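Position one of the sequence shown corresponds to residue 1 (my numbering), numbered consecutively onward.
Just so you know, the hints here were simulated from the structure itself, not pulled from any lab data.
Be a bit skeptical, because a hint or two may be false.
As the list claims (entries may be wrong) - Below are the PhoX-like pairs computed for lysine-lysine, each with C-alpha atoms no more than 20 Å apart in a straight line: (1) Lys74 x Lys138; (2) Lys174 x Lys194; (3) Lys250 x Lys216; (4) Lys232 x Lys193; (5) Lys183 x Lys194; (6) Lys121 x Lys96; (7) Lys138 x Lys216; (8) Lys183 x Lys121.
Only a predicted model underlies this, so the values are computations on that prediction, with no experimental measurement involved.
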Amino acid sequence: MKTIHTIRAILATTAAAFVVLPAWAAGTDSGKTATGASATAPANTLAYSDRERMTLWTDEKQRLESALATGHNKADYLKMLSDSGYTVTSINADKKDYLEYEVVKNTNSYEVQIKLDKAGKGESVKVESNIWRADTTKNVLRGNRMEQPPRYMASNSAYSDSPRMARWNTETEKLEKALAEGKPLAAYTAELKKMGYQITSTNDRDKDYVEMEVVKGQSTYEVQIDLDESGKASKVDVTANMWQSDETEKALEKNRR
1 MKTIHTIRAI LATTAAAFVV LPAWAAGTDS GKTATGASAT APANTLAYSD
51 RERMTLWTDE KQRLESALAT GHNKADYLKM LSDSGYTVTS INADKKDYLE
101 YEVVKNTNSY EVQIKLDKAG KGESVKVESN IWRADTTKNV LRGNRMEQPP
151 RYMASNSAYS DSPRMARWNT ETEKLEKALA EGKPLAAYTA ELKKMGYQIT
201 STNDRDKDYV EMEVVKGQST YEVQIDLDES GKASKVDVTA NMWQSDETEK
251 ALEKNRR
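Construct the complete structure from the given sequences, taking the supplied hints into account.
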C-alpha cells in the first residue's frame, strides 16, 4: 500500500469531516451515488478501508489458526478463543460434527469453522472472513460488550458464510469481469449502477486510487481501483468488505427486511 494512504489513514482517525461522493459518479449530482441514493460517507471513511488493514488482519488470522489446533473438544476451543482475547459473538452452528462461531477481537471479526470427528474432537479447523454478521457481532465491533453469553438458535444459521460463499465468489468474478481495466472512473460507477449495486461509502478518493463499498441484496464488496496518470484504471480488485461503514450496514439491514 502506498505510504500516503497509510499516513492519511492515521490522520483520518483524528479528523472529523463528512465525505460526499462527488459528481464524477456517472454524471449524478454531487452527494448522490450511482443509484441515486445518498452517498454521504462516515466521517472517518479511511477507517473502513480494507486495503489499509488487510496485512494486520491476515497476520492475526494466521495466529488464530495456529492457536486452534485440531484434536480438541468444544470446551477446549472456547477456552482457546477466550485465552487468545476473542469474544464469541454468535454461535451459527452447534452440531455433533460441526461448530461455527463468529468471533471479535478489537476491530477484527472472523468466522471459526470446526469439523468434529465421532469422538467430538476437531479434525479440521478453518478461520475465515466473517462477511455475513449477526447483530451481536456488529454491536461488539462498535465497541459494546456482550450483555450475555451467546446461545445457539436455529435462526443464527442465516449468518453462516459457508453456504453463501460459492454464490458470493461467482458474483465477485462477474463484477471483476464487468469492471475491466482501462476505463475512466465514471464508467465504473455507471456499470455498478447497471448491475444493481448501490455505492454506500467512498473510503478513499485520490488521483491514483479510489475505494468504494458497494451493496446488492445481502452481499457487499469493496471495489479497489488503481488509476494511471490519465485517470483510467490500471488495476481493479473486488474484495471482501470486512470493515463495513455505517451506511453499508444500513443498506444491508434494509435489504434484509
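Comparing the hints with the structure gives:
no.	hint	in the structure
1	Lys74 x Lys138	violated, 24 Å
2	Lys174 x Lys194	holds, 13 Å
3	Lys250 x Lys216	holds, 12 Å
4	Lys232 x Lys193	holds, 19 Å
5	Lys183 x Lys194	holds, 16 Å
6	Lys121 x Lys96	holds, 10 Å
7	Lys138 x Lys216	holds, 19 Å
8	Lys183 x Lys121	violated, 52 Å
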